[in-house]
Amino acid sequence: MMIMIPYSSEEAPPAPFMDAEIRNPILGISERMRAKLDTGAAMVTIPSELVERLRLLPAGERTFRGYNGQATVRKTYFVNIDLNGYKFEMAKVTSAPRDNILIGRNILNQLEIHLDGKNSAFEVRDP
Amino acid sequence: MSRQYAVLDAGKTSAGEVRRLTISRPNDRLLIHLAYHTVNTQSQGQEVAGQSEEASSTCTGAAYSTGRIEATIATSFLLTDTVAFVVPSHDTTTWNVSRETETTMFGQPSWTSRREAILSPSAAPISGAFEREKQAFLNMRANLLSNPEYRGKFVAILNGEIADYDENEAELARRCYKKHGYVPMYMTKVDRTERVLEMSSPE
Numbered sequence: 079m080m081i082m083i084p085y086s087s088e089e090a091p092p093a094p095f096m097d098a099e100i101r102n103p104i105l106g107i108s109e110r111m112r113a114k115l116d117t118g119a120a121m122v123t124i125p126s127e128l129v130e131r132l133r134l135l136p137a138g139e140r141t142f143r144g145y146n147g148q149a150t151v152r153k154t155y156f157v158n159i160d161l162n163g164y165k166f167e168m169a170k171v172t173s174a175p176r177d178n179i180l181i182g183r184n185i186l187n188q189l190e191i192h193l194d195g196k197n198s199a200f201e202v203r204d205p
Numbered sequence: 004m005s006r007q008y009a010v011l012d013a014g015k016t017s018a019g020e021v022r023r024l025t026i027s028r029p030n031d032r033l034l035i036h037l038a039y040h041t042v043n044t045q046s047q048g049q050e051v052a053g054q055s056e057e058a059s060s061t062c063t064g065a066a067y068s069t070g071r072i073e074a075t076i077a078t079s080f081l082l083t084d085t086v087a088f089v090v091p092s093h094d095t096t097t098w099n100v101s102r103e104t105e106t107t108m109f110g111q112p113s114w115t116s117r118r119e120a121i122l123s124p125s126a127a128p129i130s131g132a133f134e135r136e137k138q139a140f141l142n143m144r145a146n147l148l149s150n151p152e153y154r155g156k157f158v159a160i161l162n163g164e165i166a167d168y169d170e171n172e173a174e175l176a177r178r179c180y181k182k183h184g185y186v187p188m189y190m191t192k193v194d195r196t197e198r199v200l201e202m203s204s205p206e
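Protein chains in written order, with the working numbering: chain A, 79 to 205; chain B, 4 to 206.
Take the hints with a grain of salt, since some may be wrong.
As the list claims (entries may be wrong) - Okay, derived cross-link-like pairs now, DSSO-like style, lysine-lysine, Cα gap no bigger than 27 Å in a straight line:
no., chain 1, residue 1, chain 2, residue 2
1, B, LYS181, B, LYS192
2, B, LYS156, B, LYS137
3, B, LYS137, A, LYS165
4, A, LYS170, A, LYS153
5, A, LYS196, B, LYS156
6, B, LYS137, B, LYS181
7, B, LYS137, A, LYS153
8, B, LYS192, A, LYS165
9, A, LYS153, B, LYS192
10, B, LYS192, B, LYS137
11, B, LYS156, A, LYS153
12, B, LYS156, A, LYS170
13, B, LYS137, B, LYS182
14, A, LYS165, B, LYS182
15, B, LYS182, B, LYS156
16, B, LYS182, A, LYS153
17, B, LYS192, A, LYS170
18, A, LYS165, B, LYS156
19, B, LYS192, B, LYS182
20, A, LYS153, A, LYS165
21, B, LYS156, B, LYS192
22, B, LYS181, A, LYS170
23, B, LYS156, B, LYS181
24, A, LYS170, B, LYS182
25, B, LYS137, A, LYS170
The hints are simulated quantities; they were obtained by calculation from the structure and are not laboratory data. Just so you know, these numbers come straight off a predicted model, no measurement behind them.
Full structure from sequences and hints, please.
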């Protein structure tokens, strides 16, 4: 399976976004949201409000260091993720007060992604 | 597992999906004491019936399930006061409370349903349960590190004890939720050091 997706202009400069469905793996509650690919993030980050709406229960904690060097301890959750048809079950995510999802390297490293910035598009393959 | 309950206050509201909760009893004040409940992953998507308990003489019992709660419909009723519900603390359900009223349409009695409130349990009890499991892990961490059976593996702590362990954290979570239900647990790797993760790129 291979898909080509144009960069999204919802951010300037344009950025690689995918359509994500995040699902509570046990209760089955799900929500669709835009997700930005972020190779600078080690783990998928979802909006804090989504944790409440999906009724996710914390399953652990990890220490994260932001780009400014500040370390914070954040709870982690297990979710099922559907990214434009690519499915990941029991993926570990954390949360932060933000509006969209960040797809971090725990998911990105399971895909083959070619960023073509000159043509404002990227290609995703499941190797 | 010990039973801990959270009281849902009618003043709290929460956006998002709600479950249907229909109450109708001939009382002017209603307090429902729900039975212990966990989501049964074996019957996910189906209603899992539970038991109800009366909390006082003015209380009414009601059948409790993951899908809805419904009391026996009486011939007439009045609900004028704040409705409070007591539910298990780890039940993260957001409840939709509907009040049914009897009206007359074309000379015939008719029932209409009106949404009264959306109740959302406090996250505090869930957080409390999680912190207890975390503390239990910290208390046993040194012993676990010295035990080759656990060292380097992921463990799940529930009720202050090791519920299960595995080399694969996702498999561990899947198995634990299937066996114990969707309840707060503390899952972590038994390791001497913790790797700090990058949060995100600057925006």
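Now the hints, each set against the structure:
no.: 1; hint: B:LYS181 with B:LYS192; result: 20 Å, holds
no.: 2; hint: B:LYS156 with B:LYS137; result: 16 Å, holds
no.: 3; hint: B:LYS137 with A:LYS165; result: 30 Å, violated
no.: 4; hint: A:LYS170 with A:LYS153; result: 10 Å, holds
no.: 5; hint: A:LYS196 with B:LYS156; result: 44 Å, violated
no.: 6; hint: B:LYS137 with B:LYS181; result: 21 Å, holds
no.: 7; hint: B:LYS137 with A:LYS153; result: 11 Å, holds
no.: 8; hint: B:LYS192 with A:LYS165; result: 25 Å, holds
no.: 9; hint: A:LYS153 with B:LYS192; result: 14 Å, holds
no.: 10; hint: B:LYS192 with B:LYS137; result: 12 Å, holds
no.: 11; hint: B:LYS156 with A:LYS153; result: 19 Å, holds
no.: 12; hint: B:LYS156 with A:LYS170; result: 16 Å, holds
no.: 13; hint: B:LYS137 with B:LYS182; result: 20 Å, holds
no.: 14; hint: A:LYS165 with B:LYS182; result: 24 Å, holds
no.: 15; hint: B:LYS182 with B:LYS156; result: 19 Å, holds
no.: 16; hint: B:LYS182 with A:LYS153; result: 22 Å, holds
no.: 17; hint: B:LYS192 with A:LYS170; result: 14 Å, holds
no.: 18; hint: A:LYS165 with B:LYS156; result: 26 Å, holds
no.: 19; hint: B:LYS192 with B:LYS182; result: 20 Å, holds
no.: 20; hint: A:LYS153 with A:LYS165; result: 23 Å, holds
no.: 21; hint: B:LYS156 with B:LYS192; result: 6 Å, holds
no.: 22; hint: B:LYS181 with A:LYS170; result: 17 Å, holds
no.: 23; hint: B:LYS156 with B:LYS181; result: 20 Å, holds
no.: 24; hint: A:LYS170 with B:LYS182; result: 19 Å, holds
no.: 25; hint: B:LYS137 with A:LYS170; result: 18 Å, holds
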